[in-house]
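My request is simple: use the sequences and hints to build the entire structure.
Chains H and D are the protein sequences, given in the same order. Read in my numbering, the first sequence has 289 at position 289, and its numbers run on one by one without any break. Read in my numbering, the second sequence has 131 at position 131, and its numbers run on one by one without any break.
Simulated from the structure, these hints should not be mistaken for lab results. Cβ coordinates follow ideal geometry from the N, Cα and C atoms, glycine included. Hints are supplied without guarantee of correctness; some may be wrong.
With the C-beta cut set under 7 Å, the calculated list includes, among others, these residues of chain H facing chain D [unchecked claim]:
id: 1; residue: G42
id: 2; residue: P46
id: 3; residue: T60
id: 4; residue: I64
id: 5; residue: K71
id: 6; residue: A73
id: 7; residue: T142
id: 8; residue: A144
id: 9; residue: G165
id: 10; residue: T300
id: 11; residue: N303
id: 12; residue: I305
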Amino acid sequence: MTTVSTSTGAYYQRSLSQMNGLRDALERLQNQIATGQRIERGSEDPAAASRLRALTRVETLADIQEENAAKLAQDLTFAADEVGGVADLLIRARELAIRGGNDTLDEVARAAVAEELEQLGEELFDRANSLTLTREPLFAGTAAGPAYIRDAAGVVVYNGNNENGAVPVASGTEIERGVTGPEVFEFELNGAPTTTFAVLADLVDAFRGNAGNPATASVAAIDGLDAALDAASRNQAVLGTRLAWVEVIEQNQADRAIATAEQRSEVGDTELADALARLQQTLTALEASQASFARVSTLTLFNAI
Amino acid sequence: MPVAIINIGRSGAAAARASLELTAQNIANASNPDYARRALSQSEFVGSATIGVNSADSLGGVRIGGVSRSESELVQIQARNAGSDLARTEAQLVGMRGAETALEQSRLFETLVEFEAALVRLESDPTDPTLRTVTLESARQLANTFQLADRSLSETRRLVQADVTAELESFQVELDELARINRDLVAAREGSAGRASLLDQRDASLRSISEQFGVSVTFAETGAAEVRLTGTPSPVLVSGGTSSAISAAFAADGTVTFAVDGQPADPTSGAMVGRAAALLDQAGLQTELDDIAAVVISSSNSAQASGSELDGSPGQPLFAGSSAGTITLALTAGEQLATAPAGAPAGSRDTTTLGNLINAIGASTGPIAGADTMLLGLSSRTAGLETRREGLEIVAQAAEGQLLAETGVNLDDEAANLVRLQQAFEANGRVIQVAVDIFDTVLNLR
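What follows is the structure, encoded as structure tokens:
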């Protein structure tokens, strides 16, 4: 209204569009503060929106991988416990083998030893067929299980396969699920492959007087039990190492989750101090332009005539 | 000659009153955006007698001319062109924002990631019936999301198409109206208030025409407008009293083409062109969306085909359909998900096939990357349009402001005119009073 050439309509139009612009800016800022999100739609900042999508994917997958790692740690702990139990059991069997091999023992006492050894064999069979929390066999590889079954002759045979299968616990990192039955229960004795079950069964047979001299059988069985104990301890170590690895990975996952959250916040969150300052600035500008509009628009020559 | 003085005073008073009337008209129309400021043209009235040697002038006061309307052809052209460009970008932006809402709010990307996550979780325990069911439901959710995105996108497309149809009808009405104004203008008398009002209507009509399609305008002597579509070819829309028929045709993919009197036209600016551009973009997005759905379908189904189900039988297709609109879940139970390779025994926990599917979904050419690329492209284009609209808005506002400054009513000016014209009227009245006094003086001579 200061220059002669400005028409009244142009003045009102310009003032209105300026105030509308300020009001739009205010609304956007208020939205950002209320939602805590800097970006409401992708077109406000295409690159940041794409980055946010990538971070969403990383976060979602990391959550799943964390669950996978926790579950794997559980399975590995179960397996390690079972293998530890097997080792204890083998130590007891070795004691019994030494006692049973003693020439001074009478038939009845030896039969009692054989009875306990048979019980240990049963427990070993149970442990070999133990399950995870989700009722999957621990030692059958990737097969459906059960891991060990008895064939028609009552001999314990492996029913699984030799693949461990792996669980993805981080992008690019997969950890094997556990150990297979043959790794724990099968080994070579004097150049011939045998199993822990066979060693125990042979010993029971010998102590019951069904096969050869108990003292000789005891000596042979002690060698076999030593080898079996070796295999069990070795796998306990393997499982322990893997468990430690999973723990390291879980620690990494936690660290990475924090880093991802930080990045997400940096890219997508409203910076409150900044937004509030700008809100105040815009508010001041809007109030000032409203006040000056009201003042200036009342200035008309018609008031003077 | 006192009689001449009375006549001069009378003509001056009449001119002042006519001007006052126009000023009042200007003030009354101060907030009428189509109104151009009026002024009264006046000329001196002299009766000159040149017969004989003794030439003498006879003064006759002022002659009231016609109503003149503030014309500003150049500024009008600027305002019209800036308006067409702005309308084009705005219309395209509306279409693109609709598409952005459809594709972003359907959460397609997030659902794809959730599907991938469900597969990764299944890998930890592939025989768990709970995880299998969860994965299957996630696949169902994915199929639903594709359909939702597809439906929202076609809904947006239908809205833009409905806009095109509706606006085209009112555009045709506007063309016919301009042809009528042209006919009336030929008949209107030069300098009459009626003609000025017709010219106002003509300019308003041209403005609303150029909002829909960019046009080039030429004016005849009478003020009648000849309107051509800009671009090549540039068919005549209105010439004299006749208007052309404009029509739009939609292709199967939703894109639109225009024709004037049956001849194909290729306009370059205006809201209609923006809508056409938005429809073209939406057709491209539809293709991208269908491609992503096709990749999901083919990679899932080929993984299933190369694997065996939980009971050891060969895997069946996971999804049926071929595009975002037709994708549906084909499996009915979680046991049917093929995680193990073909030939694996029942209950196998081998995850080779599942691993291959996860790799295919997450690959740099896979659907997740495709969805991100699609959304990034869409939001970048929308952001670009927004920036362009902001620039054009400033230009259009400047042109509009300029036009209002040239042709609009300035109330301060009119207030000053009121005072001035009132004084002029009083002064002319005084002139008549003086003439009467002189006449009386002459009559009283003894």
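Against the structure, the hints come out as follows:
no.	hint	result
1	G42	3 Å, holds
2	P46	4 Å, holds
3	T60	5 Å, holds
4	I64	5 Å, holds
5	K71	5 Å, holds
6	A73	11 Å, violated
7	T142	4 Å, holds
8	A144	2 Å, holds
9	G165	5 Å, holds
10	T300	6 Å, holds
11	N303	9 Å, violated
12	I305	6 Å, holds
Hints 6 and 11 from the earlier list are contradicted by this structure; the remaining hints agree with it.
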